[in-house]
Each structure stands twice: as structure tokens, then as C-alpha cells.
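Construct all of the structure, not just a fragment, from the sequences and the given hints.
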Amino acid sequence: MSVVTEVSPDGQKLTISIKGRFDFAKHQAFRESYEHLHPKPDFFEVNLKDATYLDSSALGMLLLLRDHAGGENAEIRLTHANTDVRKILAISNFEQIFDVV
Amino acid sequence: MSVVQPMFETLTILIAEDSAADRMLLSSIVRRQGHEVLTASNGAQAVEAFRQQRPQLVLMDAMMPVMDGFEAARQIKALAGETLVPIIFLTSLSESEALARCLEAGGDDFLAKPYNQVILAAKIKAMDRLRRLQATVLEQRDQIARHHDYLLNEQRVAKAVFDKVAHSGCLNAPNIRYLQSPYALFNGDLLLAAFTPAGDMHVLLGDFTGHGLPAAVGAMPLAEVFYGMTAKGYGLAETLREMNAKLKRILPVDMFCCATLLNLSFQRGSVEVWNGGMPDGYLHSVASNERTPLKSRYLPLGVLSPHAFDDRTEVYPMAVGDRVFLLSDGVIDTCDANEHLFGVERLQQVFAANCDPQRLFEEIEQALRDFRGEARDDVSMVEVSLLQAAQLTLPAPVYSDSGQSCPLDWSVSFEFRAATLKRFNPLPYLLQLLLEVHGLRGQSGALYSVLAELYSNALEHGVLGLDSSLKRDACGFARYYQERNVRLEALQEGYVRVHLQVVPKEEGGRLTVRVEDSGKGFDVERVMARPVDGIRLSGRGVSLIRQLGRNANWSDDGRTACVEFFWDALA
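Protein chains in written order, with my numbering: chain A, 458 to 558; chain B, 736 to 1306.
In case anyone wonders, no lab produced these hints; they're calculated from the structure.
Derived DSSO-like pairs: lysine-lysine, alpha-carbon spacing no greater than 27 Å straight-line:
#1 Lys506(A) / Lys470(A)
#2 Lys1255(B) / Lys1157(B)
#3 Lys983(B) / Lys497(A)
#4 Lys860(B) / Lys848(B)
#5 Lys483(A) / Lys470(A)
#6 Lys483(A) / Lys983(B)
#7 Lys544(A) / Lys1030(B)
#8 Lys1030(B) / Lys983(B)
#9 Lys544(A) / Lys983(B)
#10 Lys470(A) / Lys497(A)
#11 Lys812(B) / Lys860(B)
#12 Lys812(B) / Lys858(B)
So this is what it looks like as C-alpha cells:
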């Protein structure tokens, strides 16, 4: 699976791991990974350790997740991004609305 | 493909067999299996029967008089064209070479004599499956082709409409060079340029998320805001705020537009930049041969809500001949066969190797081809150079009213206080008001330039107390504008007053503009003693005002500026 999800035992945190190219092909899987969780987790982490590339539709998907998680109050961490992916996040200044660590 | 095909379909089957006994035997077997039968006793008859009645499947004897089965098979296949008409050879031949010939001639299978009914039925069924598969493939191929044509036509129409909007600007100005795929719009790329009333040039290179129609739909409203606000004299900050708010309102959450917006001022010799999400642009200084990166500092348009949007811009000095180069992410995101990105370093190597600026685009394209092995069609590049203000001819504004209701004897006063000065740009309103006076329309550019200078002097040197001598060199120039933003943000009190007075005078009239500010004023005599027009970066405003307006004078220790415009009888 190129999109793997893991909910913490207390149900408060969702970790979504992306493998390979993060682009429109993962749209469906990415949305399904968080849309049907009840109760809605308070914290979200997108693990980009195995993401090789990220295009603008992936940035759009991250915005959808942010919207789902509460918009401006959302707490979303983008973790373990490689250098190329970090560059893309930096150019689009997504660090201003996501916690890139 | 609109209905589900039944599992069994009655076929019309042509049996070509020269032996009457065999022909009858085969016919009765096939009929008993539920099919319709046509018969022929040689190849020529078979071809003719096929031509007239188009059977769906053929059972063909190899050896026949007049025309043998091989030739008949070739002719039938040719007549059938793309439709699959399976031909099963009936043969008593047993050597493999002869059997192979059956298939080479276009046969799809063969059946050895004497006939085995069960095998014959199975083969007819199998061939029928193949035949229907082929028909489905053809139908779907044609459907895709129709949809594709339809889509291309839609794109052509959409593009034609869009071009009317997009090219209402000044992309053809002599200082702009650009390279864009004709269908860049459908890659989400957008390039716009327009003159402000004062003769500055606004340029936008944008890149919407995604491809195709979704990427193109946001372009139209964005272009409208860009052209509308630029023509009215709004600055970058107001235009950006409006574009962001509009896109945020109309686009779905996952769509946004990366954009770089420029304001080139030919009179001031400067460029103002805002970059949200685009790759670095470059300001190339001819004198030093240095390239200053114009970095993305903000989120793309359409992501943040209006109250969180950051419209701060940066200002750099530009000399005549200096160039600003912008590009879309198609350039640095080009991948080679191993998924390596072209990247910024390779782009900078192309810059470094470039000798003739006129060939920069071609050299970048060549580098991309060498890297990737083929050209990409979603690469946009634009280069804007600074010319002498006089080298550009501004398009004459178009007015739609008749002039019958032109106001000729009036005055009005405004006072803009701190909270307003922070966010609001009154110049477009003032200009619009003044252009109700027909006699002033011929000098709208000069009028706007003078208003803009008077207003920014009153705000920056008066209310904010900034020292224009800071702008003496490039480094101070940037500091000046940073400081301007900081002080404006912290502004608590102060005002700028604008008084406009229009009086008729013989056949024409006179406009008096008086601008007052709450600042400390300046040493009027010392500033006026300077020669008109220097090449310094600082203090340009005053000489510009003295050149473009009449009877410019400063009073109240420099806190009040006054300038007049005259017009004669209208033709």
C-alpha cells in the first residue's frame, strides 16, 4: 500500500504514511485515510519518509486534510521529508501553515 | 456498448467449399447450431457473397477452383477492413507448412477434415468472442477519439475567449519577451501584463494547481482582477489582496495559484516584487552581472483567508537594461529518465554560460532537452527589461461616456488618517474622480504620476518620517522599503490631506492639487536648489513633480505641496 494509516491506541492521533510519488494518483487513498474516522483525531501526522516527490496536487491534498482537521486551527505535522520534498514545501511556504519537522 | 451482449448470438456464416457433399454436410451442422448459412463453391463466389451480405464469420476450404481459399481470405480480410471477420480454414492438408500458409493468408484458425461437430461449435464460439472483443475495442477507440475531438474543440473555444481577456494587456510591449506553450492555460500557467495609469508595468506569472479545465477556470477571474485593478491605478498590495480573496472565495480547498507579481516603475527605476509559491525569479543587473534571486516568501494565492493574507512586497532598484526573469516550475521540475530533477543549480549553470541575453530562453530549452531527452510543453518563461520611460508608448485609455456631463467648477477635500493610511490606497478613487473632467484625460498618466508622488512623499517622508537619502544605494533601497512597512504597521496617528480644485478658465480649465501632511516638513530651499532630474535613486519624486505638473511649490516648511494642471478647449 502506498498510503498507510495508523491510529494511536487512544484514538487521538492519526499518522498517514506516504510511499513513492505523492501525486494525484494517491488522491482517493489519501482522502479515505482520514475522512471516515470517528471520533475525529485531534492530531494528524503525515509521514513523508518514503515519499520521493510531491507535486502541486499533493499540496492541494494537504490543504484538504487541513480543512478537514479544522482549517486554521488544525494541528498537522509533516515529518521526515527528504531534501527534494522539503524544497517543494519551502517554495510553496507550506511551513507557514503546517508543522514541518 | 450501450447494451449487454447476449451470450449467444445467431451469426451469419459463409461456407466456401467446392465439394457439394461437404458443403451440404457442413451447412446442416452449422444450421443445427443455430446460425444462418450462406454458401459459395469457390473463392470468387465467396468474395462476392461477402461483399454483398457481410457474413460475420467464414468457413473456407483451402483448395478450390477459380480462386483458392488463400486468395479469397486475403480479399475478404481487405474488404472487412478494421472489423474482425474470423476465417476458419477447412483443410485436409496436414503438413505444417500448408497449415501455416492458411494463417499467413489471413486465416484465424483451421479445422481438419473430417469435421468434428463439437470442435467446430467450440471454434465458432471462440472466434465469435474474439470478433466481439475486436468490435468493442473499435467502438471504444472511436468513442475516445470523439471525446478527444470534443475536448480539443472545447479547449479551443475556451482559449479563444480567454485570449480576448488575457491579451487585453501589454504582453507585446517591446520590453517583454516570453515563451509559453499555446495551451499553457490548460497546464494552469498564466501570464499577464498591463500598464498602470502612471505608466508603470504590472506583470503576473501564475501557476494554478493541476491540469486541464480545472486549472484553467481560475484564470479568468484572476485576469479580470489583475487588469481591472491595474488600470484603475491600484498598487500590488491591493491587487494581491483582492486576487487572494477572490480565489479563496471561488476555488475548492485543494486548488490555489502560485504567482509572482511585479511592478516595474520606469520613472523610479525600481521593481516591486511579491512571490507566493513560484520558483525563484531573478533580477539581473547588467552593471554588476549579478543575479538577485526573487524568492518565494508567501503562500500561494487562494490558500489563506483575507485577514491572514500577507501582501508585503520587496522593492529593488533597477537600471535601464536590467532584466527580471521569471519561470514556471516546469523548468526546474523537469525529470530525467531516473527521476532526477533539473533543479536550480543546472538552471544557474545555464545562466552562467549565457553570453547573449537574447538567446537565454533557447539555451534553457536546449538544456532541458539535453537533460530529459525531449521537450516539455508546460514550461513558461518571461523576461521583462527596464527601458527609458520615453521608449514605451502607453495605450490610450478608452472612455465610454459622451462628455456632456463633465463637471467644471468644484473642489473637494479629503483627510486620510492613520488607520486608513495603513491599508487603503486612495489614488484610484482620486484619479477616477479627476478623469470625469474630460480636459484632464489627455494627461491622465502625468496626473496619476504626480498624485502618486505627492501622496507617497506625504506618507513616507511626512507621516512616516523616512529619510529619502537612505535610497542612495541598492542596499539602502531595500532597507528603506522594509522600514516603510515596519513604520506603517506601527502607525498610530498622523494624516494626509488632499485638496482638489477644478475651475473653468476661458475655453479650458485649471486643476489645483494640494497635499498636506502631519510630518515634520523639510528644508524646501535646499531641496529646490538641486538640479531637476539627477540619476540618484533618491529624491526623484520632487523633480518628477516639477517636470510633469506646473507651478509646483512647497510651503509650510515642506508640509504642503501644491501643483497645477491646465487644459485648453477640447477639439
